Every structure is written in C-alpha cells, then in structure tokens.
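**Student:** Chains A and B, in that order, give the protein sequences.
Counting in the numbering used here, the first sequence runs from 1 upward without gaps.
Counting in the numbering used here, the second sequence runs from 684 upward without gaps.
In short, the hints are calculated from the structure, not lab data.
Please note that a few of the clues may not be correct.
Unchecked claim - List of simulated lysine-lysine pairs, DSSO-like, C-alpha gap at most 30 Å: (1) 109/A - 733/B; (2) 845/B - 974/B; (3) 733/B - 670/A; (4) 165/A - 939/B; (5) 824/B - 733/B; (6) 995/B - 974/B; (7) 573/A - 618/A; (8) 668/A - 573/A; (9) 845/B - 174/A; (10) 923/B - 165/A; (11) 995/B - 165/A; (12) 73/A - 733/B; (13) 939/B - 928/B; (14) 824/B - 174/A; (15) 809/B - 797/B; (16) 165/A - 733/B; (17) 809/B - 668/A.
These numbers come from a predicted model, not from an experiment.
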Amino acid sequence: MLAKTPNKKIIYDRETYQITRFAFFWLLIALVSVILPHVSRMPVWLTGICAMCMLGRFLIFQGRISYPSNKLKFAIVALMAVLLLAQYGRDIFSTDATVAILLVGITLKLLEMQHKRDVLLVLYLGYFTIVAEFIYTQSIPIAFYMSLSVVLISSALMALHQNPKHQSPLRTLKLTAVILAQSVPLMLVFFILFPRISPLWSVPLQTNTSSTGLSESMSPGDISNLTRSAEVAFRVKFNGAPPMYSELYWRALTLDEFDGREWRHGFVEEAQFLSLNTSEQRDWFRNIEYLGEPVTYNVIMEPTNQNWIFTLRMPRIFDDRMLMTRDYQLGSRRLINQRFSYDATSYLENRADVDTEGRQQRRSRVLPVDGNPQAHKFALDLRAQMPSDTDYINAVLEHFREEEFFYTLSPATLGNNSIDDFLFNTREGFCEHYASSFTFLMRAVNIPARVVTGYQGGEFNPFDETLTVRQYDAHAWAEVWLPAQGWVRVDPTAAVAPERISQGSEFTLQEESSFMDDEIFSLLRLRDSLLFNNLRFRIEMIDYAWNRFVLNYDQDMQFSLLTSLLGTITKIKVLLSLIVFMTLFIIFIAISVFRKSSTVPRKPALQHYLRFCSYLGKLGFARISGETPRQYQERVSLSNPQLASEMQGITQTFVELAFTSESLDPEKLKRLRMLIRKFRMMN
Amino acid sequence: MSLKTAGMSRLCHVLMQRWHIHFARWVIRRIPPARNVILNHQNIFIIPNKQGLGFLFLQGLMFIGAVNFEISLAFALVFLLLGMFFLSIFYTFRNLAGLHVSAVPGASVFAGDKAEVTVILNRHGKRIFENVLVSFPGSRKATADLIALSEQRLDLYVSTSKRGPFTPGRLVIETIFPFGICRAWSLIDLNFTCLVYPAPVECDLDWLTANQLNSGRTNITRGNDDFHGLREYQRGDSLKHVAWKIFARGQGMFTKQYSSNIDERIWLHWDMFPDHSIEERLSRICYCIIKLDSAGVDYGLVLPGIKISPAKGFLHYRKLLEILAMYEFSES
C-alpha cells in the first residue's frame, strides 16, 4: 500500500528574472535592427503589432504597466492567429507567412519575457530572423547591414552576461566585434570546404513582390512596357569569346496560339520535358544535330517565379537540373523563385526538326478563322507572286523595310483587327507588333511560324566582360519552319530598326520618353558621364562577382575550386588541409586571445640579475630567500673576497636600475648586461 | 514498461553518482590543495552549457534553413556563429586563466550557523576578468568583476552542520562570460579550515544558584570577613587562616573559610549530563559556557583527560569552546 503523502504544496520561487537595463537596451536595439529590413515586405498591421509590442515591453520595463495576464496573453495570441489566417489564408505554410509568424512570435515573446530563458530565446530567434531576411535578399548592402545586426545581437547576448555595475557599451561592442572578426577565417574555410547538400524538401515560397519580366503571353504593348524597367533580368559570363552581338537572342518562350490579338504559350498540353537522364528519349531529342563550335556560358538569372530559363539556340543540356521542351526551350526542374545560376552550352549551328512534320508544325499554321481580312489577302497575293517560301519571307521583310514603318515605344493603339490596323493603318510599333504581324503573314500562307519572346543583346561590362541583360532588352521575334532547314529565326524588327539588333535597345530607345521611366534615380541615367558610367560598371562587376562566387557557390564550384587548389581531390588531402588549417587557426586564436598577459612581465634588469644569481648559485653561493641584494653581496664578498669588486659593481648597477627612477635607462641596462657577461667569462 | 524505465533511471542515477565520485577523486588528484592558486590550464575545466547546446541546436535549424532555401549567406552566418561558439571556448577560458585566488576564513561559528569565508581574487597584468562567480558548495554565488580594480574580496557564508574542524568543500569559480554558451570552472581547495563549535543546546541551569548567575560579580567583592566554615588544610593555604584553636585541641589542621575564599568558581563537568551522548553533553556544556560568559563569572571545564581551571574573559571563552570543538578530534 502506498503511504499517503501529505499534500505537498509546491512553493514557486516567485523571484522573476529581471533583465538588466543595460542588456535590455541592447536587446531592443538588436531586435529593431533585425526586424527593420523585413518591414517593407510585411503587411502594415504586422509592423504596427511589432512596434506596439516593443513599446509595451518598454513600458513594462519602466514599470508603468505589468506583465500581461494569462487571459490577455491568450486573447492576443488568438487575435494574431486570426489576423495571420486572414492575411495569408491558404498560404499559411508559405515562406512569407512563416516569416510573419516568426516576427509575431519574437515580438510577443518580448512582452512576456520573464526568465533568462525567454531572453535567450528572443535573441536566438533574432539570429533566425536574419536567415529569414536572406531568403529574400542577399545583396551586398544587406550582407553588410546584417553583419552589423549579428554584432548587435551578439553584443546583447554578451550584455546579458555582464555585470550591470560595470557596463560599458563600447567595451561590449568592441569585444563582440573582435570575437566575430576572429571567427571570420573559420567561416571562410567552412564556407569553402563544407560539402553543400541539396535541399531536403521543397519549400513553397510565395512572394508578394511581383517581379517584372516576360509572361506566358504577349499582346501589343507588353514588351514595350518592359522597357520602362532597367531591372536586371540575368547576367551572362561567356567562357571564351562571346558570339557576335547580333546573335545574342536569348530565348525564353515560344508562343504558338493566336486569338487575333494575343499570342499565348499553348504548348502546355504537349509538354515533353526531357532531361539528360530520361530513359525514353524522344526521337526529336536524339535527332538534334549539334554542329560547329559550342558557345559555353554561365547565366545568373533573377527570380522569375517561372520554370523557363534563358539560352541561346540550340542549347544542349548537361545538367540534371535542366529539362528540354519540344520547342528547344530549357526549363529548370524547380520554380525559379531565387536567383538561379546555371551553366549552358549552345550550338548556334545545328540541324533539328528537318523534313519531319508533326503536330507542332500543324499547330503553327493555325489562325483564327475570322478577323484581319486585309492581312490575309495581302499575304496570299504576295505569296502568289513569289516562287518559294523563302522568297516570300524576304519579300515580307522587304515590305517592312521599304514601306513607312516606324519603330517606336509608344505606338498608336490598335483596333480589333490588330494586325490589319498595324500593317495598313498605324504602321508604328515595337518588336511585338512586328513579330506578331510577321508570324501572322506566315501562317496566312500556311508556313508554320511562331512568335518567340526573350531578350536580345545586353550590355557588356568592360571590366569583367560580363553581359548584363536588363528588362528593357526584352524582345520578340519569329521562327518559321522550312522543311529543309527546320525552325529558322527571322527577326522583322531587324528589318525596321537594324540598330536595335546591332547596338542594343538602350542605344536605340534612349530618346524615347517612356524608356526607363521607372528608373528615375538610377545610375543608368548618367550613362553619358564617363565617370559615372565607369563607376556603374565597377559596381556591377562587384555585384556580379558577389552573385557568382558567393551567392551561387555550389557543389560544382566547390569541386572546381578545390581541384584548382589541391589538384586531384582525395579525402586525405581535404582532411589534411583541414587539420593544417585548424592547427594554424588555433595557434592564431590562442595568440590573439591570450595576447594580453595576465602577469606583469619581469623587468629586464631583474631578469639579468636573477640569471646572475643563479650563476652564482652554481658557484656555490646560492642566494638565501629573503636576502636583499646588498646583504647577498656582503655575504659573498666576505666569504670570497676576490669576487667582491665585481659583485659590488653588478649589485650597485642593478639596485640603481631596479629601485630608482632610472629604471628605463637603456645605457645602464647595457652596462649591467656587460658586467654580468664579463663576470661569467672570468669565473 | 514502467518497471523498465524505473530501472533505467535508477541505473542512470547510479552511473551518474559513480561518475561524480570518480570525477571528485580525479579533481583531488589533479588540483592539490594550496593556499594560493593561480588558475591556469591545469585547473580550469570548460564545457558548453545548456545555453550553448541550445545555441548549437539553433545553428542546426539555421543550417537546415540554409540548405533548404539554398541561401549562401545563411551558410556563412551559420559558420560565423559556429566560429563564435568555438572562440567563446577560448574567451571563457581566458576569463578565468591567470586569476589569483586565496581565502581567509572568518571567525569560528557554532554548528548550524553559517561560517564566513573571505575569498580574495587578484589580477596582475592588463587582462580583465568579468562576471566571475565564486561560491562554496551551499553558499550563495558572489560575482566578481576585476575590471578597474585589481583585487576583490568576496564574503561567502557556508552553512555548517557538525562541530570540529570544518572545510567548506572546494571553492567553485565559474564563468560563462562572454556569451553564456560555454562554462569554464575550477574546483580549488584553498587548504584552510575553520573551527566549528558544538551547537549550543539549552539545558537546566538550576544547579547554579540564581544568585551566582545573576550577580556573580558582586558575589566576589562582598564581605571578606564573613566566616563561612572550615575545611581541611591544604598546602598553600595561608597560615593566617588556620584554625589554630582546633589544631591546639589536637583535632587536626583546618583552614577557616570566609565567604570571599569559598570556591564559588564554577566547574563545568563532563559528568553533569550523565544520561546523554558525547555530542549532547558537549552541546549542553557549550550552552553553559555561553551563559556563564555573558554572566561574567569564572568557570572551568573538566572533560575526560582535560582540566581547565576557572577563569573568565574572551580568550578563556574561546579556548574552552575550541576544546569542545576539538574534543576527540585531536587524536584522530
């Protein structure tokens, strides 16, 4: 039987941990610094809640209000849950929502922070908030800012373990900065050597920031709208010499469905994504003939929230992350919601889809039954005059070139029969007008044709030879299928405005009023100043290097870097270099950490004298403990008179050095050393 | 199942206990007692604490985040913080290394009271020491900051339980500065003992007359001439006080006693508390000593093998208490 235990009343130690004023302010500053960059992305109410929680905590700290009761806490949490659900709804598991929950959690915790454990939790979550920020931006300025935040949080962590009686913010900050600076070498080595693992599971990333860029459809005005933006679309670094500028057609999408006004990427139902490792490769994929010298390049593209990536035609895939669709367009397996780097190889000379007609060609002949009658008639008439399809294509281009067509960013608006309106009425248009009407004219005479959107050209940075392609380089052109050649690129814009292709859109369009309308304060506006242009190129170069070598440092880069450093990589070599590094690092740390001695160094005079004493000890006149130099001298002189005079000199010099203000007299120190040396030589 | 877990926990408990004993023995071998200890690599232990494990756990989470979102800078942050963790081992160690420690025991106390020990920390050289906690097992933790000062004295109070020579266990000097993620500590024996007197236990003082207790001092100064009685002559007795008349009658040699000469001095005797154990007797005698001292009378002590003649004053008082404290300790 169990003995009945007396009703033990657990008496809680009601002593609540009071965070010191000193640590509290550090904590608050650190938290503000990590939450601040998130504010621009947060819903407004969330910013308000964060601010209110901080204010509330401040008042609690001042003793004006008390800690929230359990009921109130529950009510606040419930309210937050409702607000978050209302804000994010079904996307509650998306990254945005997770970050919002993190921020709500951290600031609410601030309110009820009563134990040291709570304070630590808030600080640790502060570190985590920095990671959350990196999900969105990893630019150089943010990296700098965040390293300051790391210093602040770590300072708060240190302040928490300091005695408030001896507070000195500067000392705290300095020591933290020193410690973090000393851990930088370790960080670098681990960053370089630590094996990069591929993601464990995919995370939904919902960003409410809409990115500018190409979309899956094109109607008149879409691409000219993009020219308002100078945002970077992607950056390219060619291995070896880049192709001719006019060959830089970066394909993104083929649009093969036309409804009279809008071109759409209707390929979805026929999507054949093929990767290098797919076991059943289709014939068309195997039959691609890659000719001539390949062009290899690395592309770092900004997030598009799409799958497709930009390549020159004809891309060849080597990478398992890549897929190829039937229209020779490359896609990534994952949605590109972060900056994405890939290596690509293109064969500008190639043979593909020759002599075989299929569904693709049939689809590329379809036009809406009604609408644009004038254009239909024009096409049929012209074709009748031409001996071949090729001649017909040239005739159409000739038509664009010879007639009064204008290349402009702000064309007149088009009516219902947009092609007719453009071809025979307004005659002003941007690349999408030309590509669209050209493709229409092809289809009207049964030549398979499609619109291709992407970017053309770019800007070469003279300092690092990278090509920066911006949104205003967006372009649309056409591809026609000729039985003997396969799909052939035809750019009607080149017929109207050849400088667009050879010089780039910036050169062609800078006079237009809407060009770069969104970039009022950009350095790009100061192109005409050589100084600013060079400055901009320098900044872009650094930015590129940052993106390429830091942000996109991956397994491949790790491998190639290690190979260049170590030759062939073996486990032993890596291990050895790690051991060597760690040893050096520990020595470096030990020296720098223990640089300040904990003991007062002996004065040089005393050192010399003690050495002299130990020598005398060997001769049989050991100094008795507690004996002063004078007493010692007298005792030795008495028992051994022949040492007396030398002993007298040495003792006198030492006493003068040690006990008078002349202790820093280098001449005297030298004399002492000389006397001792002489003594040792003679005895 | 529950039996199994209970068994497991008991096993763990036993193992932990064993480990503690083993560790304590090892510490004794490693850090021998010394009056003055300089903390260095030989006597400082260092290990990540709970907060440090939490910190590492956080790094793990951040690392998973970095892997999953493929964030290069998050990798960098994780490695930077791991570097900080690694460095904090050195810095925490540095926050103790080079510290000079010594201790001065305070006045002796009665068993059950708290003994005072003053711990003295010294620094030489430029290096500063922050937030160093000093404690004896069972005492509060005192904080030392050697930043501007180069010496700090900390009074610690250690509870005692038994009489006799008392060593308060090894002094624990610990620190988790700078980041609280590592704990460096040292267990040092500063080689001193305090003396603990027996705990006084109240007892019946009726055998001492109220008169003697309350006005002992006046008792002695009063009436030199009041004849009190006779007692057998002892060598050394003044010949003036010999009762010559009785001697003349041939009845023997007696000394006349006057009230001032009566042996009114009190003897605290071992046999006064016959029904008690040694400790109980000592505690009661201790109580008597305190009372008698405050009354200001002379008192002596008789223990088996020890006899202290009556006297008074602080030195006497302390001497007797020391004898009580050390009774049967000195031989062993």
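**Student:** Taking the hints in turn, state whether each one holds.
**Tutor:** Results of checking the hints against the structure:
no.: 1; hint: 109/A - 733/B; in the structure: holds, 20 Å
no.: 2; hint: 845/B - 974/B; in the structure: holds, 21 Å
no.: 3; hint: 733/B - 670/A; in the structure: violated, 56 Å
no.: 4; hint: 165/A - 939/B; in the structure: violated, 74 Å
no.: 5; hint: 824/B - 733/B; in the structure: holds, 19 Å
no.: 6; hint: 995/B - 974/B; in the structure: holds, 12 Å
no.: 7; hint: 573/A - 618/A; in the structure: violated, 52 Å
no.: 8; hint: 668/A - 573/A; in the structure: violated, 55 Å
no.: 9; hint: 845/B - 174/A; in the structure: violated, 50 Å
no.: 10; hint: 923/B - 165/A; in the structure: violated, 75 Å
no.: 11; hint: 995/B - 165/A; in the structure: violated, 48 Å
no.: 12; hint: 73/A - 733/B; in the structure: holds, 28 Å
no.: 13; hint: 939/B - 928/B; in the structure: holds, 11 Å
no.: 14; hint: 824/B - 174/A; in the structure: holds, 28 Å
no.: 15; hint: 809/B - 797/B; in the structure: violated, 36 Å
no.: 16; hint: 165/A - 733/B; in the structure: holds, 26 Å
no.: 17; hint: 809/B - 668/A; in the structure: holds, 27 Å
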